[in-house]
Amino acid sequence: MHIKDLTLTNYRNYPSLAVEFDPKVNVIIGENAQGKTNLMEAIYVLAFTKSYRTTKDNELIAWDQTFAKVEGTLFKRNYHVPLEMQFQAKGKKAKLNHLEQKRLSDYIGALNVVMFAPEDLNLVKGSPQVRRRFIDMEIGQVKPVYIYHLGQYQKVLKQRNHLLKDLQRRKTTDTTMLSVLTDQLIEHATIILAKRFLFLDLLMNWARPIHEGITQHKEILSIAYDASIDIDNDADVDTIKQRYQAVFEQNQQKEIDRGSTLYGPHRDDLIFYVNDRNVQTFGSQGQQRTTALSLKLAEIELIKNEVGEYPVLLLDDVLSELDRYRQSHLLHTIKDKVQTFVTTTSVNDIEHETIRQARVFHVENGSIIKQEGDKS
Amino acid sequence: MYYPEPISKLIDSFTKLPGIGPKTAVRLAFFVLNMKEDDVLDFAKALVSAKRELTHCSVCGHITDQDPCQICTDASRDDSVICVVEDPKDVIAMEKMREFNGRYHVLHGSISPMDGIGPEDINVPDLINRLKDDKVKEIILATNPNVEGEATAMYISRLVKPSGIRITRIAHGLPMGGDLEYADEVTLSKAMEGRREL
Chain Z
1 MHIKDLTLTN YRNYPSLAVE FDPKVNVIIG ENAQGKTNLM EAIYVLAFTK
51 SYRTTKDNEL IAWDQTFAKV EGTLFKRNYH VPLEMQFQAK GKKAKLNHLE
101 QKRLSDYIGA LNVVMFAPED LNLVKGSPQV RRRFIDMEIG QVKPVYIYHL
151 GQYQKVLKQR NHLLKDLQRR KTTDTTMLSV LTDQLIEHAT IILAKRFLFL
201 DLLMNWARPI HEGITQHKEI LSIAYDASID IDNDADVDTI KQRYQAVFEQ
251 NQQKEIDRGS TLYGPHRDDL IFYVNDRNVQ TFGSQGQQRT TALSLKLAEI
301 ELIKNEVGEY PVLLLDDVLS ELDRYRQSHL LHTIKDKVQT FVTTTSVNDI
351 EHETIRQARV FHVENGSIIK QEGDKS
Chain F
1 MYYPEPISKL IDSFTKLPGI GPKTAVRLAF FVLNMKEDDV LDFAKALVSA
51 KRELTHCSVC GHITDQDPCQ ICTDASRDDS VICVVEDPKD VIAMEKMREF
101 NGRYHVLHGS ISPMDGIGPE DINVPDLINR LKDDKVKEII LATNPNVEGE
151 ATAMYISRLV KPSGIRITRI AHGLPMGGDL EYADEVTLSK AMEGRREL
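As given, the protein sequences belong to chains Z and F, one line each in that order.
Each residue of the first sequence is one higher than the one before, counting from 1 in UniProt numbering.
Each residue of the second sequence is one higher than the one before, counting from 1 in UniProt numbering.
Think of the hints as simulated: they come from the structure by calculation, not from any bench.
Bear in mind the structure is a predicted one, so any value in this text is a computation, not a measurement.
Hints should not be assumed to be uniformly reliable.
Claimed, not checked - Straight-line alpha carbon distances no greater than 27 Å define the calculated BS3-like cross-link-like pairs of lysine-lysine that follow:
#1 Z:LYS165 / Z:LYS92
#2 Z:LYS56 / Z:LYS95
#3 Z:LYS155 / Z:LYS165
#4 Z:LYS69 / Z:LYS4
#5 F:LYS161 / Z:LYS241
#6 Z:LYS155 / Z:LYS102
#7 Z:LYS93 / F:LYS23
#8 F:LYS161 / Z:LYS143
#9 F:LYS96 / Z:LYS90
#10 F:LYS161 / Z:LYS90
#11 Z:LYS102 / F:LYS161
#12 F:LYS190 / Z:LYS158
#13 Z:LYS50 / Z:LYS76
#14 Z:LYS304 / Z:LYS50
Whenever a hint applies, use it, and build me the whole structure from the sequences.
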């Protein structure tokens, strides 16, 4: 799939913009604070109906304006699909094929986007929460039922934590309710964990060869799921369930004493190893970056596998952080199959060959002032 | 905007109703001003008597103007089955069906530790008392299919199980007369789980 064109109205610092993209590589060049990332964000918004930079939709509306609009034409399976997102103070509207979609979940998924921004380095360096969100987002993109179980799990978890606090403070002594909530928790936790295991296996199968390629076969990447309970990564649903049941039974008093749920998917983490060494603690800056990159590229293949077409790739300010070899390897693997958007402050940061084939946009203060490259 | 006190009080009262925003409240209040005095009086009386004359049935907890309620005193109904629901509105929904001929028990809520609602805060102890009567053979748990409703159903089933009374839970799945293609993923997956042999 690729994005054919994009139209912005009152979107952040773009009063109005209409632009046609190259189906392969698009390079967006501009000084800092001119609107490069805003353009990337707009594409992201078109895919996910919300920004990755803010939770407040109102921030997307240009200063002094009452609404913002992002429109784009998606080319997918030989069809043109018009997409439209409208933002107003009172809410947002998502239109697919000019038809408003009442449920955003019916809209999300039309356009698949994989984004790689400097923040994504946190995937390796950051807190476990970042990695859990990564895994949840990825599974959610292709398995809507997973999102449901995750939501239910969070609700039960909240209830259970409250009850555990009440038990800790001796406001109640009713452990029947605790066992009810434990069973509910286990039901969703089992499904979540099983799906995560499955996903992780797929992810690793894709990420490993990619990582080897980027590092010229010097590094072998492996990913381990660090569960809060003692369990094998290939355990089946019944085994997982029994493990959870045993753990919660054994630790009931401990959980009451602490007043909180100590086991379950919300306490799990991913560990990345390069040549059997933990990248988070022992990896160099470059290794961490490459790991994050491999994961993102694996994500592209995963989506292709599930959806049948390659997603659109957004590279925000990351190309300049990679060395020449990694850069060209990256651009080589995606060339000709994935529509890619790259932002950078200077052309010099990017390999000459790539630039020659790409369509280049110069951004200044909320508008595109110059366009060059093949306009076939 | 300045309103004379009587009307501003009326507007204020209307905003307390669910689904009524400030604009609708103003519209309703001005409409009342133009109504016939008799109609307004009847309306006011209806409001007061709904509040004063209705109580909760001491047996099942349903809203009623006589205690015990009509359903509980109806001798033609089956004493052996009790349908447990969260809300009086659920009783009315069930009654519309005209298929169920047992008794009801209204919980007035669901268990939610987060909101400080425990089993004793809803009508659970009364239900347990009712079960001491040997006539009861089955309990149908018809609480809502959300996290709290499920938890409440599971909780009650655990309390009642030792007594040997049959406990059933209403099914989840597709609405009748609907199209499969319009069902959401979660409902569909529940329907798949609950499939049965033909």
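- Task: Take the C-alpha atoms of LYS190 (chain F) and LYS158 (chain Z), compute the straight-line distance between them, and say whether it is at most 27 Å.
- Result: holds, 23 Å
- Between LYS96 (chain F) and LYS90 (chain Z), is the straight-line Cα distance small enough, at 27 Å or below? It is violated: about 38 Å lies between the C-alpha atoms, which goes past 27 Å.
- Given hint LYS95 (chain Z) paired with LYS56 (chain Z) - CA-CA distance at most 27 Å: Since the Cα atoms of LYS56 (chain Z) and LYS95 (chain Z) sit roughly 20 Å apart, the hinted pair holds (cutoff 27 Å).
- Query: When you check the alpha-carbon spacing of LYS161 (chain F) and LYS241 (chain Z), does it fall within 27 Å?
  - Reply: holds, 23 Å
- Query: Taken at face value, is the distance from the CA of LYS161 (chain F) to the CA of LYS102 (chain Z) at most 27 Å?
  - Reply: Not satisfied, since the Cα-Cα distance of roughly 43 Å exceeds 27 Å.
- Message: Would the hint linking LYS155 (chain Z) and LYS165 (chain Z) be met if the CA-CA limit is 27 Å?
- Response: holds, 16 Å
- Query: Within 27 Å, alpha carbon to alpha carbon, are LYS93 (chain Z) and LYS23 (chain F)?
  - Reply: holds, 24 Å
- Distance restraint between LYS69 (chain Z) and LYS4 (chain Z), which requires alpha-carbon spacing of 27 Å or less: holds, 17 Å
- Can the restraint linking LYS50 (chain Z) and LYS76 (chain Z) be considered satisfied, given a maximum Cα separation of 27 Å? holds, 21 Å
- Holds or violated: LYS165 (chain Z) with LYS92 (chain Z), Cα cutoff 27 Å? Measuring from Cα to Cα gives roughly 38 Å; hence the hint is violated.
- Query: For the pair supplied as a hint, LYS155 (chain Z) and LYS102 (chain Z), is the alpha-carbon distance within the 27 Å limit?
  - Reply: holds, 24 Å
- Item | Pairwise hint evaluation, LYS143 (chain Z) against LYS161 (chain F), where the allowed Cα distance is 27 Å at most | violated, 36 Å
Hints 1, 8, 9, 10, 11 from the earlier list are contradicted by this structure; the remaining hints agree with it.
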